[in-house]
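Participant: What follows is each chain in one-letter form.
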Amino acid sequence: MKLSKNDFKGTGEVFGFTLRQYAKSRANLITGAIMLLLVLISMPVLAMLQKDGVVSLGGNMMEDTGNIRTVYVQNETDLTLSGWEGNTYWSKTGFTTVAAPDTLGGKEALAVMTSQGDAYAISVSAGKDSELADSDLQRLSAFLQQRASEEALLRQGITQEQLSVADADYKISTANASDYQALDAAAGTDDGGSGMGERFILQYGYALVVMMLCTVTTAYIIRAVIEEKSSKLVELLMISVKPLALLTGKILAVMTYVFVFLLVMLAGAVLSALAAGALFQFSAMGALRQVVPAMHVDGVHLAGVIAIALVSLALGYLTVSIVGGISGACCSGTEDMEAANGVVVMLVMAGYMVSVFGSISGSTTMATVLSLLPLVSVFCAPVEYAVGRIGFEILALSWVIQALVICLLALFASRVYAELIIHRGSRVRLKQLLSMAKRKREGAR
Amino acid sequence: MSLIVKNLCKSYGGKVVVDHLSFGMEEPGVYALLGTNGAGKTTTIRMMLGMLSRDSGEVLWQGKPLDTATCNVGYLAEERGLYPKYELMDQLVYFAALRGVSRSEAQKRIKYWAERLEVEEYLYPQMPKAAPEEALLGQKKTVAFRSRGKIQKPKKADQLSKGNQQKIQLMTALLSDPELLILDEPLSGLDPVNTDLFNSIIREEIAKGKYLIMSSHQMATVEEFCTDITILNRSKAILQGHLNDIKKSYGRVNLALKVERDITPFLEETGVRLVTEKEHEYRLKVTGEEQANELLGRLIQNKVPVITFDLREPSLHEIFVEKVGQANEAE
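Heads up: the sequence lines are chains A and B, in that order.
Under our numbering, think of the first position of the first sequence as 1, with each following residue one higher.
Under our numbering, think of the first position of the second sequence as 1001, with each following residue one higher.
Any given hint could turn out to be false.
Said to hold, decoys possible - Chain B stretches covered by chain A per the calculated footprint, using a threshold of three residues with CB under 8 Å from any CB of chain A:
no., region
1, 1049 to 1062
2, 1071 to 1077
3, 1090 to 1100
Unchecked claim - Derived pair list, reagent style SDA-like, types lysine to any residue, alpha-carbon separation capped at 25 Å:
no., chain 1, residue 1, chain 2, residue 2
4, B, K1155, A, I30
5, B, K1236, A, I422
6, A, K9, B, M1089
7, B, K1085, A, S231
8, A, K9, B, Y1083
9, B, K1153, A, A23
10, A, K232, B, T1036
11, B, K1156, B, Y1112
12, B, K1085, A, S230
13, B, K1085, A, G32
14, B, K1150, A, I30
15, B, K1155, A, S230
16, B, K1085, A, D336
17, B, K1210, B, N1194
18, B, K1210, B, A1106
19, B, K1085, A, F261
20, A, K232, B, N1164
21, A, K438, B, E1058
22, B, K1155, A, S25
23, A, K24, B, Y1086
24, B, K1111, B, L1160
Read the hints as simulated data drawn from the structure, not as lab findings.
We put the beta carbon where it would ideally sit given N, CA and C, even for glycine.
The following block holds chain A by itself, in its conformation from the complex (with noise of 0.2 Å):
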């Protein structure tokens, strides 16, 4: 039996009437304005909590611009502090050598170097009715001393290149007897590059966002499937449309469905970002660096990142919906719908399972293998793909094999679908569904 053009005749009619269905549904509707209402606050309210000091993502994640106007440098020490231009944190801050007046403003400071001995002195003060925090001050502190120690050095000999060795940042990390020899071990491979903590956390949380949007999505199909034959209305639309058409309208539809809803939320996440950025000078991309520091991608290369996401999320969605499909199809009534549930958790969570304890693997061989995996690959190639351990062509075969096990549970579907959503009485288990692929269907739809 092959697939024909025919048997997807009035896809369209199932999709567009599902969706607007899923569209028109109330608890569905309060479920996304909930949701975006959500993302359009969180980057502010995360900005906000940053600045007060109540989390901290382990880095900057401010906009590198200062609270403080202006600075009253009053430099007693034999020092030349000059050349205040070049940092981004205080690129909207005047530093001046003139007399400070005799009350602050309220975002003015005042900044006085003494040599003591050997030693020189930085005391750093604000006025009475002061707008800013101590941290300003404290920062401020810190860069004239920062500054002070530079210009030190550089009297002392030593040059701009040498002195930015010097000030290079170093990386710190701990690892117990097992860590050690796992990295150890790894060491004689080619890694791609990344750390293997940061690529398990990215690989961590990639597959369980798939997982959760595999199963949620999923199970609105089985349920669609299951309430439709429950209702008894799959004679009606059979005599319309074949049973395919009916299962893969509806997947479409779920799919468009969820997508739409995740594109909302991340324009929202946009917006979110920008109010951040324009209300608090709060870096998104800081964040999200400091979030996934494994991926090493700016704004415009994220874009492509998102893209084959998207594109692996849809091929894997296909093909745990298709099977939800049908799981659902076995059951004849909603009491049934935890087993066809069950059935689809099951393999989202063995290719979840694999492709995170896959990823502590250092091998290149092995991100290769997984990524190829049907059902895995959904889980690890586009993040095996964005830490740089495999390459385009890899991803784009794992799409193909993806695009083939699509191909074949619908073929599959095609064979089974039409009897499945007409049974009635106790669920079909598996050795009855291959034996009705395996029948022939003469005469049917």
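With the hints as your guide, set chain B onto chain A.
Facilitator: Just chain B now, kept in the frame of chain A:
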């Protein structure tokens, strides 16, 4: 011949549910598929419409295999259902779209059938009803009053009674203006008023020259509409043919008699079998016209006033019961 069902067979796990069934319709009219519960009527219909695969046989419409994608078929399934939580109008437009009816045309047809089946109030938003005393104040006042009320939203399927749901389901079958209409137990569960309404619609469809296949347990309805029948019992056709011919073959054996006094002695004399009697209204079984006339002669001779003398062929109900009984005895 327009519709030919040839040698249809179906079995499940060794159990035959339809056994070499053949029938056909040469011209527009109503064909009845009758049978006991589980005789194979619905399975036959499902095979005809391609919902179920068949072990053997074929179904031809205008000389070609019946394909619901190309033949305009309307179907009222035995297992009736609607999406319980979706608006009825959305569902009707959807079902019409699946049958290739455009949205605007579907709206027109829905309006027509909603009026015809008296279900407009469930499909369209309704203005709140004005209180009688307000209405008496004149049209202008009434309109002003109504505009302040809450408009009632169209209904969802689970807000409708079973009978009204059945009307909506009949609408779905009729929306595409089908050339072949298959009604599986169309009148089951309807009250007498709605039964009459459905009957009048079936009559209209027959008058339009449609081909109808009907499965029903309500023999009076089948008798009213159907020209040809097949009686199924345990997967096999036990009686087939033109209804009038079948009836004629039994002869006029049912006598309904209404008189003004007890006639039991005359029945015994003439050998007429009493079926029922209530207040001198007799239902009798005769061997033929000769026996019936002999009884009538005796009554006249003995000056028994005869109010009703109605000699008829057996009803379809009687034929059905007799045939099924015979078939079961033979097995």
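Participant: Hint check: K1236/B vs I422/A, CA-CA at most 25 Å. Holds or violated?
Facilitator: holds (23 Å)
Participant: The region 1071 to 1077 of chain B covered by chain A? Criterion: 3 or more residues, Cβ-Cβ distance below 8 Å.
Facilitator: holds (count 3)
Participant: Is the straight-line distance between the alpha-carbon of K1153/B and that of A23/A 25 Å or less?
Facilitator: holds (18 Å)
Participant: Is the Cα-Cα distance between K1085/B and G32/A 25 Å or less?
Facilitator: Holds: K1085/B and G32/A sit about 19 Å apart, inside 25 Å.
Participant: Holds or violated: K1111/B and L1160/B, Cα atoms, limit 25 Å.
Facilitator: OK: K1111/B and L1160/B at ~18 Å, within 25 Å.
Participant: Are there three or more residues in the region 1090 to 1100 of chain B whose C-beta lies within less than 8 Å of some C-beta in chain A?
Facilitator: holds (count 6)
Participant: So if I understand the rule, the pair passes when the alpha-carbon distance is 25 Å or less; does K438/A with E1058/B pass?
Facilitator: holds (21 Å)
Participant: Holds or violated: are the alpha carbons of K1155/B and I30/A at most 25 Å from each other?
Facilitator: holds (21 Å)
Participant: Taking 25 Å as the top limit, are the C-alpha atoms of K232/A and N1164/B close enough?
Facilitator: Between K232/A and N1164/B the Cα gap is close to 16 Å, so the pair holds against 25 Å.
Participant: K1085/B and D336/A were given as a pair; does the straight-line alpha-carbon distance stay at or below 25 Å?
Facilitator: holds (20 Å)
Participant: Are K1156/B and Y1112/B close enough, with their CA atoms no more than 25 Å apart?
Facilitator: holds (20 Å)
Participant: Given the hinted pair K1155/B and S25/A, is their Cα-Cα distance within 25 Å?
Facilitator: Measuring from Cα to Cα gives roughly 15 Å; hence the hint holds.
Going through the hint list in order, the structure satisfies each hint without exception.
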